[in-house]
Amino acid sequence: MILDRAERVRFESRTPAGFTDVLAGAGSTAAAQVEGLLVVPETARGPLPLAIMSLGSLGFTSGREELYAQSFAAAGIALLVVDSLGSRGIGETFTDQGRISLATSCADALYALRHMAGDPRFDPHRIALFGCSRGGCAVVLCDDERLANAVLGTRARFAAYVALYPSVWMRWGNPKPAPGPVLVVLGENDIMIPLPLGRARAGALAAAGTRVETVVIEGAFHAFDTSAPQEFKGELNLCDCDVVIADDGSMQECSSGLRLQDDWPGFVRGISEACGKRGVVVGRGPQPQSVAVAPILDFLGRVL
Amino acid sequence: MMRRDLAFRALAAVRGDAIVVSRYSAAFEWGAIAPSPLNYFGIGAMGQCSSFALGLALALPHHKIIVLDGDGSLLMNLGSLVTIAATGPQNLVHFVCENGAYEVNGGHPIPGRGRISFAEIARGAGYPHVFEFDDVTAFGAQIANVLALPGPVFGTLKLVAAGELDIEYSETGGGEQRRQFKEALKPLLAAPAR
Chain A
17 MILDRAERVR FESRTPAGFT DVLAGAGSTA AAQVEGLLVV PETARGPLPL AIMSLGSLGF
77 TSGREELYAQ SFAAAGIALL VVDSLGSRGI GETFTDQGRI SLATSCADAL YALRHMAGDP
137 RFDPHRIALF GCSRGGCAVV LCDDERLANA VLGTRARFAA YVALYPSVWM RWGNPKPAPG
197 PVLVVLGEND IMIPLPLGRA RAGALAAAGT RVETVVIEGA FHAFDTSAPQ EFKGELNLCD
257 CDVVIADDGS MQECSSGLRL QDDWPGFVRG ISEACGKRGV VVGRGPQPQS VAVAPILDFL
317 GRVL
Chain B
-8 MMRRDLAFRA LAAVRGDAIV VSRYSAAFEW GAIAPSPLNY FGIGAMGQCS SFALGLALAL
52 PHHKIIVLDG DGSLLMNLGS LVTIAATGPQ NLVHFVCENG AYEVNGGHPI PGRGRISFAE
112 IARGAGYPHV FEFDDVTAFG AQIANVLALP GPVFGTLKLV AAGELDIEYS ETGGGEQRRQ
172 FKEALKPLLA APAR
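Taken in order, these protein sequences are the chains called A and B. Sequential numbering from 17 applies to the first sequence in this note's numbering. Sequential numbering from -8 applies to the second sequence in this note's numbering.
It should be emphasised that the hints constitute simulated quantities derived from the structure, not laboratory data. We put the CB at the ideal spot given by N, CA and C, even for glycine. Just to be clear, a hint being listed does not mean it is correct.
What the hints assert, rightly or not - Restraint-style ranges between C-beta atoms, simulated for each label pair:
1) A:A42 x B:A152: 29 to 39 Å
2) A:G107 x B:V151: 50 to 60 Å
3) A:R318 x B:A4: 19 to 29 Å
4) A:P57 x B:A152: 48 to 58 Å
5) A:P57 x B:S108: 22 to 32 Å
6) B:A152 x A:R318: 56 to 66 Å
7) B:L179 x A:H141: 50 to 60 Å
8) A:G295 x B:L179: 53 to 63 Å
9) B:D126 x A:G79: 18 to 28 Å
10) B:K173 x A:G79: 53 to 63 Å
Just chain A, same shape as in the assembly (with noise of 0.2 Å):
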């Protein structure tokens, strides 16, 4: 296993409940220590590509954060997985996502790369945000210029974003996309991302002017990459919900009316009883579960 060998890297980062926390800047919430497994190539030489990882609700259970070190590795991507749910004693959130926020997995994902964009070892300009699911959507979050200026100032940005099979039920209400193409990945019978829901949101993102390449795995449901096979589970389906973010970072559910006020595990409660059902399938099939990698290296081959 290539992540029982990783380095440990810890870097600060803040755990917002909402974006306004995130946009007010650094001093806005109390700094919080994470941890991230790093990944190098052993034989690469100079400045390497770097690819940040934000986990999903499955956290390291899933099995994808093994695939894609290895494949990166060989591919002579160096892959940094920041543990947002462990540096903060959390298992998963596949089956409560009121556990930590996605405001949080965003600023874990921009504070990473602040503290990487300074390692020698990377190069700065060629910095990718990647993830599934959970982590997908705070990849398509993430894309932001207005969260890239709180958090980062002028000093980095990503070069390109990797968004596989990306939770829907959070968006931008006036995307500003951060420079850098991204790449989206979709299972053709995913039904927490239904097709068209996840098409229209990549298409969102190219109306505002990202360069963006979407990809649709023929066949595949959620989570088609984990090591679990596919698998019905009665856990909470959100995909119905559309918690919108305003330009100032507060966030209102369309259907319900529902607003967040500084209480993410409320917030979350009320929303899955407005809008949220039961029943979702997840996990490998009927594919490989590295289905996605061939497409993934040369999406980031051409772009890094």
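Once you have looked at the hints, place chain B on chain A.
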């Protein structure tokens, strides 16, 4: 700049069962590339295909309606942009084929050729999603996402002037095509709302 036939082939690949409303030179080329009873050709009413399409979009709110407008045509009915944006049909995607010329009747340049931006006009009219495509690869990569967006969506297709067109008005504007279109609409109008 794109070749219109290549852009249309990319659109045809993901068109599904969408109704496509087109006019004049776009209609001739679209009809040849993607024949279907769900094509409606706005021949004889220059500039009006966006208005026809709005009517269809309102009558069939759960069915995708695509407009293939022309730049010269749209200039004759610019007010339709405001009407469409104000009405806000979520199922309408409005493309304008911009080649800078009244192609079908001799290639005379349109007013403001090269200086006006249809995308900016559409944005100002209130279309929530606006695109400009001048590269067929990018268009092909993006078109399925564009069609999935809640409309109204506007897209300018920057085109090179086409070669000689095979113009056959009787096929695109004739009674038989209209009859087929009406027949194809009947089950859609009778279908319960999804």
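Hint-by-hint comparison with the structure:
no.	hint	result
1	A:A42 x B:A152: 29 to 39 Å	violated, 55 Å
2	A:G107 x B:V151: 50 to 60 Å	holds, 57 Å
3	A:R318 x B:A4: 19 to 29 Å	holds, 23 Å
4	A:P57 x B:A152: 48 to 58 Å	holds, 51 Å
5	A:P57 x B:S108: 22 to 32 Å	violated, 46 Å
6	B:A152 x A:R318: 56 to 66 Å	violated, 32 Å
7	B:L179 x A:H141: 50 to 60 Å	holds, 52 Å
8	A:G295 x B:L179: 53 to 63 Å	violated, 31 Å
9	B:D126 x A:G79: 18 to 28 Å	violated, 38 Å
10	B:K173 x A:G79: 53 to 63 Å	holds, 55 Å
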